[in-house]
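Trainee: All the letters of the sequence shown, read from the start, carry residue numbers 4 to 533 under my numbering.
Fair warning: there could be bad hints in the mix.
Claimed, not checked - Okay, derived cross-link-like pairs now, SDA-like style, lysine to any residue, Cα gap no bigger than 25 Å in a straight line: (1) 509 / 458; (2) 491 / 390; (3) 237 / 454; (4) 275 / 356; (5) 237 / 186; (6) 509 / 489; (7) 509 / 62; (8) 509 / 382; (9) 509 / 427; (10) 280 / 349; (11) 280 / 297; (12) 237 / 382; (13) 509 / 337; (14) 491 / 419; (15) 509 / 481; (16) 509 / 477; (17) 509 / 280; (18) 509 / 123.
Please keep in mind that the hints were generated in silico from the structure rather than gathered at the bench.
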Amino acid sequence: MLIDDLIRRNSRIQPQRPAVRSSDLNLSWRETERRAAALASQLAAAGVGHGDRVVVMHGNSPWTLLSWYAIWSAGAVLVPISPLASQTEVADAIRRTSARLVIADRSSLPLCHEVSASLKSPVWTSAPDGGAADGRLSELSAPTNLDSPPVRSDDIRTERDPAVIAFTSGTSGRPKGAMLSHRNMLASATSVALERSLTWRDRYYFATPMNHISAISFGVMTALSGGSFQFAGKFDAERFVDDVRREPVTFVFLVPAMLRMVLDVLDRRGEKHLNAKALRLVCYGAAPIAPALLAEAIERLGCGFSQAYGMTEAAPVVSVLPPEDHTAAVAGEHAERLRSAGRPTFHARIRILDPDTRTPLPPGEVGEIAVAGPSLFQGYLDDPEASSSAFLGEWFLTGDGGHLDEHGYLYVSGRRSDLILSGGVNVYPREIELVLQEHPAVLEAVVIGVPDDKWGERVVACVRLAEAEVDTSEMLFDFCRERLARYKVPKEIIPVEAFPRNPTGKILRRALLQRLDELKLPGKQSREDE
Numbered sequence: 004m005l006i007d008d009l010i011r012r013n014s015r016i017q018p019q020r021p022a023v024r025s026s027d028l029n030l031s032w033r034e035t036e037r038r039a040a041a042l043a044s045q046l047a048a049a050g051v052g053h054g055d056r057v058v059v060m061h062g063n064s065p066w067t068l069l070s071w072y073a074i075w076s077a078g079a080v081l082v083p084i085s086p087l088a089s090q091t092e093v094a095d096a097i098r099r100t101s102a103r104l105v106i107a108d109r110s111s112l113p114l115c116h117e118v119s120a121s122l123k124s125p126v127w128t129s130a131p132d133g134g135a136a137d138g139r140l141s142e143l144s145a146p147t148n149l150d151s152p153p154v155r156s157d158d159i160r161t162e163r164d165p166a167v168i169a170f171t172s173g174t175s176g177r178p179k180g181a182m183l184s185h186r187n188m189l190a191s192a193t194s195v196a197l198e199r200s201l202t203w204r205d206r207y208y209f210a211t212p213m214n215h216i217s218a219i220s221f222g223v224m225t226a227l228s229g230g231s232f233q234f235a236g237k238f239d240a241e242r243f244v245d246d247v248r249r250e251p252v253t254f255v256f257l258v259p260a261m262l263r264m265v266l267d268v269l270d271r272r273g274e275k276h277l278n279a280k281a282l283r284l285v286c287y288g289a290a291p292i293a294p295a296l297l298a299e300a301i302e303r304l305g306c307g308f309s310q311a312y313g314m315t316e317a318a319p320v321v322s323v324l325p326p327e328d329h330t331a332a333v334a335g336e337h338a339e340r341l342r343s344a345g346r347p348t349f350h351a352r353i354r355i356l357d358p359d360t361r362t363p364l365p366p367g368e369v370g371e372i373a374v375a376g377p378s379l380f381q382g383y384l385d386d387p388e389a390s391s392s393a394f395l396g397e398w399f400l401t402g403d404g405g406h407l408d409e410h411g412y413l414y415v416s417g418r419r420s421d422l423i424l425s426g427g428v429n430v431y432p433r434e435i436e437l438v439l440q441e442h443p444a445v446l447e448a449v450v451i452g453v454p455d456d457k458w459g460e461r462v463v464a465c466v467r468l469a470e471a472e473v474d475t476s477e478m479l480f481d482f483c484r485e486r487l488a489r490y491k492v493p494k495e496i497i498p499v500e501a502f503p504r505n506p507t508g509k510i511l512r513r514a515l516l517q518r519l520d521e522l523k524l525p526g527k528q529s530r531e532d533e
């Protein structure tokens, strides 16, 4: 099976059921399939064919979804790029993928003009009035023939053909292009759809950016289940609260910062609970979440919660903490599992390897998380050395540290590259960050290792506070001392107004370390170092 087979199947067996819902476009599955097929015909007429790469720079809109399925129907490969990416990043992605063309929304047009001029790449736009006098922009917005014959090349296409080239977040270096096949994407989507019991009755709300692999995966698994999609543009917590109360949205993926925004909206409105009758599941992940925030969200949103752990190279989910584990933990049964990333999905296998010997470690011992299964990527684009070093036989080396408990639950301690070696002892930043985020004065915390003559590296915490003007440093030192071993307590705590982030919202630790000199002035030292 190929990903684009999903919309043809839905068009055949449930043609009139809703597929797309937004403020300006509502489509049934039959209408969605016809539009995607018409767009695929336009792509084919422009010379896009089997194996060609097409860059999509789009915000969250139905046109993004239609572009995906049109590209796949044409036998081409989707290359999603953030509309927030810089000109250099976009040009680099187009050059590295040898993109046949670029599909952009209105907000990306000025940048695309510049890039297309330097790279001679054609740019298509879904903006209704996005035409350009210089002829380098073509319109993709209104296919005139919705009954165009389907573009099919099934005689040469297979499930092992690349479907997506997704660039990694680049938090530890230059982004790498992970090549994911139709088989990879469908294996992950099938597994997670079963884990979350998705059916045709479900409607997914696109909240996170659609250029991210997790959003693409939700786009595949929802179609696989025959469900529908709700679009609302760029995430706005006020609008989200109103939308899920008005529309039959049943599930959504939110990062922890979004959960906090939703709770803040309820606070401003003086409302204790969300009261969204149709919403049954909030999926979350992509960043550590404070247990206090999670417990509050579970209580106030009034629906099931499901955590996912994964990475771009795994399309992306490899483990899930399901709603029943959240319910039990909140009730006091195995409360520690709220800190876990759950257990492997049915398609994935996880083991913990000794970082030196590469041999499996027993439950409870911390090492490097390794993953195996059919969702693992085909390799990095034009980088055979990185592709080879990423695997140990069939096992993908994630670069994350963690351990499995005796019941198979995975606990992630953070990127091994973020590990701090202080006084000869390993310190995992994630553990300290979670402790700091339990304090009500702390909205976000990032812990980094700073070179130090005495310790080798010293533990430094940067915190974003709920009230920036309030000096809570000594209070936070005491809070950490009560909950952490002495060597894990930060030597300094530095308040910051904001953290440097990449276009997908991940915090850039390298950039934060480089900015540390300018951030140090308001920092406070632990009494042990004074």
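Trainee: Each hint needs a verdict: does it hold in this structure or not?
Mentor: Hint check:
Proposed proximity of residue 509 and residue 458 is contradicted: the alpha carbons are some 28 Å apart, above 25 Å. Our distance criterion of 25 Å between C-alpha atoms is broken by residue 491 and residue 390, whose separation comes to about 35 Å. Distance hint between residue 237 and residue 454 is unfulfilled; the C-alpha atoms sit about 39 Å from each other, more than 25 Å. Between the alpha carbons of residue 275 and residue 356 the distance comes to roughly 45 Å, so the proposed pair goes past 25 Å and is violated.
Between the alpha carbons of residue 237 and residue 186 the distance comes to roughly 30 Å, so the proposed pair goes past 25 Å and is violated. Distance check on the hinted pair: residue 509 and residue 489 sit about 29 Å apart at the alpha-carbon level, beyond 25 Å; violated. Under the criterion of a C-alpha separation no larger than 25 Å, the hint pairing residue 509 with residue 62 is consistent with the structure, at around 18 Å. For the suggested pair residue 509 and residue 382, the alpha carbons sit about 23 Å apart, so the restraint of at most 25 Å is met.
Taken as a hint, the residue 509 and residue 427 pair is broken in the structure, with Cα atoms around 29 Å apart against an allowance of 25 Å. As the CA atoms of residue 280 and residue 349 are separated by approximately 30 Å, the hinted pair breaks the 25 Å bound. A hinted pair counts as satisfied when its Cα atoms are at most 25 Å apart, and residue 280 with residue 297 qualifies at roughly 20 Å. Pair hint residue 237 plus residue 382 does not hold up; C-alpha atoms about 31 Å apart against a cutoff of 25 Å.
Under the criterion of a C-alpha separation no larger than 25 Å, the hint pairing residue 509 with residue 337 is inconsistent with the structure, at around 29 Å. Taken as a hint, the residue 491 and residue 419 pair is honoured in the structure, with Cα atoms around 16 Å apart against an allowance of 25 Å. Our distance criterion of 25 Å between C-alpha atoms is broken by residue 509 and residue 481, whose separation comes to about 29 Å. This hinted pair does not check out: residue 509 and residue 477 have alpha carbons roughly 28 Å apart, beyond 25 Å.
Among the hinted pairs, residue 509 with residue 280 is inconsistent with the structure: their alpha-carbon atoms are about 32 Å apart, more than 25 Å. With a C-alpha separation of about 32 Å, the suggested pair residue 509 and residue 123 falls outside the 25 Å cut-off, and the hint is violated.
Of the numbered hints given earlier, the model fails hints 1, 2, 3, 4, 5, 6, 9, 10, 12, 13, 15, 16, 17 and 18; all others are met.
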